[in-house]
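Visitor: Below are the chains, spelled out letter by letter.
2 protein chains.
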Amino acid sequence: MKIRFDETNLLAPMVGEAHGISASEYRSQLRRGPDVVRAFRKLVDRGEVGFPTLPYQKGVLKQIQTFARKVRGSFDSICLLGIGGSALGAWALDCALRGPHPLQKPFSKAHPRLVILDNVDPALVGAALETMDPKSTLVLAITKQGTTAETLASLLVVRDWMGRRASRQTVAVTTPGRGDLYALAVREKWPVFAIPENVGGRFSVLSAVGLLPAALMGLDVARLLRGAARMTEICWETDAGDNPALRAALLHHLVWVEKKKTIHVAFPYSNRLWGTAFWFRQLWAESLGKEKTRKGEIVQIGQTPVAALGVTDQHSQVQLYIEGPNDKVFTFWAVEKQPWEGRIPKARLGLDAFDYLAGRKLAELLEAERLSTAATLAEAGRPNCTFTLERLDEEHLGAFLQMLEFETAFMAELLDVNAFDQPGVEAGKRFTYGLMGRPGFEDYRERFEHYLRRRQKAV
Amino acid sequence: MKIRFDETNLLAPMVGEAHGISASEYRSQLRRGPDVVRAFRKLVDRGEVGFPTLPYQKGVLKQIQTFARKVRGSFDSICLLGIGGSALGAWALDCALRGPHPLQKPFSKAHPRLVILDNVDPALVGAALETMDPKSTLVLAITKQGTTAETLASLLVVRDWMGRRASRQTVAVTTPGRGDLYALAVREKWPVFAIPENVGGRFSVLSAVGLLPAALMGLDVARLLRGAARMTEICWETDAGDNPALRAALLHHLVWVEKKKTIHVAFPYSNRLWGTAFWFRQLWAESLGKEKTRKGEIVQIGQTPVAALGVTDQHSQVQLYIEGPNDKVFTFWAVEKQPWEGRIPKARLGLDAFDYLAGRKLAELLEAERLSTAATLAEAGRPNCTFTLERLDEEHLGAFLQMLEFETAFMAELLDVNAFDQPGVEAGKRFTYGLMGRPGFEDYRERFEHYLRRRQKAV
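Line by line, the protein sequences give chains A and B. The numbering of the first sequence is numbering that gives the first Met the number 0, which starts it at 0 and goes up by one. The numbering of the second sequence is numbering that gives the first Met the number 0, which starts it at 0 and goes up by one.
These are calculated hints, taken from the structure and not from any lab test. Bear in mind that the values here come from a model prediction, so they are computed numbers and not experimental data. Mixed in with the good hints there might be a few duds.
One copy or two, either will do: identical chains are not told apart, so a pair holds if it fits within one copy or between any two.
Restricting the straight-line Cα-Cα distance to at most 30 Å, the calculated cross-link-like pairs of lysine-lysine (DSS-like) are [to be verified]:
| hint | residue 1 | residue 2 |
| --- | --- | --- |
| 1 | K188 | K69 |
| 2 | K104 | K345 |
| 3 | K188 | K57 |
| 4 | K259 | K291 |
| 5 | K134 | K104 |
| 6 | K61 | K108 |
| 7 | K259 | K294 |
Generate the whole structure from the sequences, applying the supplied hints.
Guide: In structure tokens form, the structure reads like this:
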């Protein structure tokens, strides 16, 4: 397993003093590394944060593998009901390891597809019900608290559509003993897989939340965990030179806070990493977008993550990236070895715009374009850096996801914010409960009506 | 056709003076409307900008309909080779009018699927070749200049895979008489559909670039154009009160420039509008992200567009949106009428988190969540506004796309930038040509090597 971090294009000699890191800034920032690791280690040792321990949960792995083996061959569709962290990890795994939709192999009971219902848009749910067959569908309902409105609403609709099969073909992934999904699962005798108390949704891909769908899709979950375990050891290194998660966090922190790069572009040159980019977008936004520091100081901090796809978005976003405001830092994600490189035929057509490509490979062109974009950004004074994965398999992906979680946790230490809560989404949820008439939320209905009266007066 | 723009939550009484538009700012900004429309009208009347005339090209419509009728029933896959503006419009149409991948109906010759190869990632191209059958695949190669490296490289690979069928099953969409795609098309006797000289890629969805794939998918392209034509009339209204594109441009301009909202979140509450959000992301970024004004003044201006999906991203991005820096303006895209509303069964389970949902509809929940998010953003002082489409059909989509193009063009007038060029992407292209050994680009190879030497010294 090999994942490299290359920070050269973040440095002042490449992008200038105003936007790049000087030699003295670099040295003094890297000296903060050991304290950052030790501070985060305390949270983990006290049991407050659980994701670093997930790669070592042998019992969970066994339980998941046993269940997947038992149902293998019975279902052609795994219908995942979940939203946010309950869905994005499974999408990242599916997209990276089985290829981007809609170009995966045709689905069958030997090769079940993953149908993710992570929205209550009736157009999405309706389309899913039209293309699935209740006889060959296994439903996974995933919500940590067991109360998420969107997931439970979809579950009620899908359960009705399944008819009597629902009781035999539904699995719950939730917190045992808490919430109404758990209560229903017990009543209906659904299998239940636990989400550990100290693992939040966006850090849960290596718990049953991501591993169960992965195993049901036939992925090698043991290798996912092995890669993540190896990376976990690397991420506990206190020397930033040996620890890509730590070095990336320290340098991104400098570029964000000192060089005012308020937008973070995650820029995979790989369609298979597109799902991972969306998974990362939640991880970075929800963990680091905070009103207050841990001491309660009001800061309204947060770097806006943007997912861009190479080379595709060179023809969509790069004009802005090169010529627009210098308010971004770019992190390329590259994959070194491709199983198929896309050989372009050797025959020449006698046409300039075609002939220089003859005999080359699509993989070479992809690589040349990434290098060219990095160079062009650097020449325009735009700081950028690169993670390179040797290949895209279970081991590297497990390691990469775990590394990005560590990077996020380290960044939270540097900013002194709590990476593991999300107080900002509560108000909206309560408004929704109020509007939907949930008992106990009548106050929010009233507050919403007050807001509507303010709107009438505002125009 | 009914599309409304609601700006109430952009106003100071809703989000405060620091972040919202005051009554006097509103009045004086709206008075600029007529000048903006007249200035843009001049560009169109002089023939410099062509997109407003596209809805009226009866000849093109007929040519496309005739071709689509001729090949209907022969192909189960329409393989689109194109990147940026050559691909995003077709994706927007497919996603909005036939539903989001991978949940479309199974494909067949009666219901062909659209396979978009908008990247040279061999994993994408390889997966496409594995799932398509050369016998039943029609290839559309789309590039305005006829020289785009990615499109031509993919074409060479796909052409080789098609074998002798390539000559009968390929169509070119390009500028007649220019570029090597046109030369090859003439040599191979492929049908050619023209892209008008004064229509750039990101404004080309209502030319053959978008209409041809749409017609091949069985969409009603005449109705697309009818909606767009009706909207075009509305967009030429000089009174901003009657012109949603103009009012949106004027008010977004104030919020962007005066209230420093450097990020523009396009926030559809509809999986079917997700492709449109990515299409818009190119339109806004490439048209308005510019180093210089039209007078040559260096400004490095540009608002970073972000695509977010409601309700899904409430559980991913809204924590940042509510608590993070107040540097964003949000534009919700709502759809009023759903063909299927997703009735939730009436039976109660005796479990609180389920029972308030009993008998309600997914469409109601979707709407309640959108309203709640808008209210929560407003209460946190975050300016937001809403476009509402009465329904999602060809007529409304044609109108909506045209409206967003007018809004972008009006914004360019307000900023005094050229919305119709993209000089910032040229440098990267030349580096790529240099690295790929294209004759005539040896200087860029050398410049790249100089950059590599600088990198070695920088570390």
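Visitor: Between the shortest in-copy and the shortest cross-copy C-alpha distance, which are at most 30 Å for K134 and K104: within, between, both, or neither?
Guide: both (21 Å within a copy, 18 Å between copies)
Visitor: Go through the copies and call it for K188 and K69: within, between, both or neither, with a Cα cutoff of 30 Å.
Guide: So K188 and K69 pass the 30 Å test inside one copy only (17 Å; across, 56 Å).
Visitor: Cα distance capped at 30 Å. Does K259 pair with K294 within a copy, between copies, both, or neither?
Guide: Answer is both; intra-copy 23 Å and inter-copy 28 Å each pass.
Visitor: Within a copy, between copies, both or neither: which one fits K61 and K108 at a CA-CA cutoff of 30 Å?
Guide: within (22 Å within a copy, 45 Å between copies)
Visitor: Indicate which option fits the pair K259, K291 if close means a Cα-Cα distance not exceeding 30 Å: within, between, both or neither.
Guide: both (19 Å within a copy, 22 Å between copies)
Visitor: Within, between, both or neither: how does the pair K104, K345 come out at a Cα-Cα threshold of 30 Å?
Guide: Within. Shortest intra-copy distance 29 Å satisfies the 30 Å Cα cut-off; inter-copy 38 Å does not.
Visitor: Between the shortest in-copy and the shortest cross-copy C-alpha distance, which are at most 30 Å for K188 and K57: within, between, both, or neither?
Guide: For K188 and K57, only the intra-copy Cα distance (25 Å) is at most 30 Å; the inter-copy one is 62 Å.
In this structure, none of the earlier numbered hints is contradicted; all agree with it.
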